[in-house]
Amino acid sequence: MKKLTALLFLVPSLSFAQVELTTKMFEVIEVQKDNGKSRIEWVNADNIIPGDKVGYRISFKNNGTEPADNIVLNNPVPENTLYVADSARGANTKIEYSVNAGNDFGQPNELFIEKDGKKMPANAKDYTHVRWTLTKALASGESGSVQYVVQVK
Amino acid sequence: MKLNNKLMALAATATLGFSSHTMALGTVAGTDITNAVTLDFKVSGATQVQLTDDTTFRVDNKIDMTLANNTPAANTTAPGATETYTFRLVNEGNKEQRFKLALENTSASTSTNITIPTVTYAITTQHNGTSTLATDEITVPVDGDVSFTAQFTFPTQTTAPANIADGDTFNILATATAIESDGTAITADVATDKNDAANIDGAELNVFAEDATTDSPIYNGVITVLASTDIATASLEDGSGAGGPGITVKVLNDPICNDDNTGYVVGTVYTCSATNAPATYTPKAIPGALVEYTITTVNVSTTTDADHLVYAHTLPATESTLANVAVTVDGTAQTGTYVYDTVTYNVNNSSATALQVNIETLPATETAVITFTAIVQ
Chain V
6 MKKLTALLFL VPSLSFAQVE LTTKMFEVIE VQKDNGKSRI EWVNADNIIP
56 GDKVGYRISF KNNGTEPADN IVLNNPVPEN TLYVADSARG ANTKIEYSVN
106 AGNDFGQPNE LFIEKDGKKM PANAKDYTHV RWTLTKALAS GESGSVQYVV
156 QVK
Chain F
77 MKLNNKLMAL AATATLGFSS HTMALGTVAG TDITNAVTLD FKVSGATQVQ
127 LTDDTTFRVD NKIDMTLANN TPAANTTAPG ATETYTFRLV NEGNKEQRFK
177 LALENTSAST STNITIPTVT YAITTQHNGT STLATDEITV PVDGDVSFTA
227 QFTFPTQTTA PANIADGDTF NILATATAIE SDGTAITADV ATDKNDAANI
277 DGAELNVFAE DATTDSPIYN GVITVLASTD IATASLEDGS GAGGPGITVK
327 VLNDPICNDD NTGYVVGTVY TCSATNAPAT YTPKAIPGAL VEYTITTVNV
377 STTTDADHLV YAHTLPATES TLANVAVTVD GTAQTGTYVY DTVTYNVNNS
427 SATALQVNIE TLPATETAVI TFTAIVQ
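Chains as they are written, first to last, in the numbering used here: chain V, 6 to 158; chain F, 77 to 453.
In case anyone wonders, no lab produced these hints; they're calculated from the structure. What you are looking at is a predicted structure, and each value in this text was computed from that prediction instead of being measured. Accuracy of the hints is not assured; some may be wrong.
Subject to a maximum C-alpha distance of 20 Å in a straight line, what follows is the list of computed DMTMM-like cross-link-like pairs (lysine to aspartate or glutamate) [what the hints assert, rightly or not]:
(1) V:K99 with V:E115
(2) V:K29 with F:D108
(3) F:K171 with V:E84
(4) F:K118 with V:E25
(5) V:K66 with F:D130
(6) V:K99 with F:D116
(7) V:K158 with V:D131
(8) F:K118 with V:D74
(9) V:K29 with V:E147
(10) V:K141 with V:E25
(11) V:K158 with F:D219
Model the full assembly from the supplied sequences, consistent with the hints where possible.
Here it is in structure tokens:
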């Protein structure tokens, strides 16, 4: 898993924030329980084929000494996948979506697409981006995560 | 094993609404899918350099197909007939796939004796591809389907009773097995962790996920479909349940009873004259006796007529003067000629020493009776 770390210095202040960003993927499966019910599990993926659901868990941590604020995570829905409705999660975040390649974001009921010349409400499969905006600063040493699920076309 | 969980989920698609299997085609195997996320933030009001992170996995090869029997329903056949079975193979996987086709006789009745001769496969239609069918292997492109026919001729009945019985159901099991492009067997990759850094961008894996059906209940890259054909054939018995025609003989007259054979009536024993024998005398099979043969054939099939029955019988040296040939089918006298396969046949083409009777048709459930007389030497 690729991990990128940014070490950022602020000038002229000597304070700094070292934020670490990592992404981990899982396969999302529905498992039958003995009582006849089922539950969704995120598991390591042996393989991924069309129709499978893939979950992305994106973690971030402030390793610096200063708080990081105005944190915004922007995630284009990968090509050859579809966003799975209501799958985006993130504590203390405002979750918004885009249906126009990230030019505009909004809540699901604010999103529209044009089809056959008609403006129609967008659905989850139309989403091109997911955006999480943290509603509070990430203090030094603090971490968090967001997640969402796509289905392979 | 997680794969099993996945396959269970595939099987449960219809009831759980887990839509994985409803996507028949999908992203082509080998495609890399990358998730790239960015993180923007500020520190003390100052915008920082954007962070990025991405992760990629490779779409694996879903080996998935359907095989349908498109042979007309309620197909019936008869011995000697040539039947064409039509099947439609659809590659519902996400990669061009080669398949090996096979047919097997799985009949549970006497039709198990039917040996499938060399089958001719022929493509009748194909969609979105240029596959050709050489012998029993075929390559079907992504999103491709191929309809093909398998044709063979049912054997004729060589003995009575034959090894093909009226009312039997002939079952032919068509099988399509996914194989590698070089014809070798495919091994499913079931335990390679896609999340492992060493495998995540590695070569695509093979996953068996063909439609599970009653005929193909497991996921193993093999799919089957059953085609059934009802066999309708005339079945001949002697009227007492024994196979084939039956022949009986009856002495109607002898020189002691009555030395005059005129006035012959089918099946009727002569009244002996008082001058030669008492009225209680029963004719015996002595030299000069008039004997009557009766050949009885019942077509016990309830559905299928028997066509062009040919009877032949040569008198033994101990008999002569074959005469009084009479033919009935279901009580109706058969005479004259008829045409069968452009050839004209005499119903009665017998001579004084040999019987040859030709019956055009013995309908289902009906009885043919042939009588003739001879003189004991």
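Outcome of the hint check:
With a C-alpha separation of about 14 Å, the suggested pair V:K99 and V:E115 falls inside the 20 Å cut-off, and the hint holds. Distance hint between V:K29 and F:D108 is fulfilled; the C-alpha atoms sit about 16 Å from each other, no more than 20 Å. A distance of roughly 18 Å separates the Cα atoms of F:K171 and V:E84; the hinted pair therefore holds under the 20 Å criterion. Taken as a hint, the F:K118 and V:E25 pair is honoured in the structure, with Cα atoms around 14 Å apart against an allowance of 20 Å.
For the hint pairing V:K66 with F:D130, the CA-to-CA distance comes to about 16 Å; that is within 20 Å, so the pair holds. For a cut-off of 20 Å, the pair hint linking V:K99 to F:D116 stands: about 15 Å separates their Cα positions. For the hint linking V:K158 to V:D131, the alpha-carbon distance of about 13 Å falls within 20 Å, and the restraint holds. With a C-alpha separation of about 5 Å, the suggested pair F:K118 and V:D74 falls inside the 20 Å cut-off, and the hint holds.
For the hint linking V:K29 to V:E147, the alpha-carbon distance of about 19 Å falls within 20 Å, and the restraint holds. A threshold of 20 Å between alpha carbons decides the hint, and for V:K141 with V:E25 the separation of about 17 Å falls inside it, so the pair holds. Pair hint V:K158 plus F:D219 holds up; C-alpha atoms about 14 Å apart against a cutoff of 20 Å.
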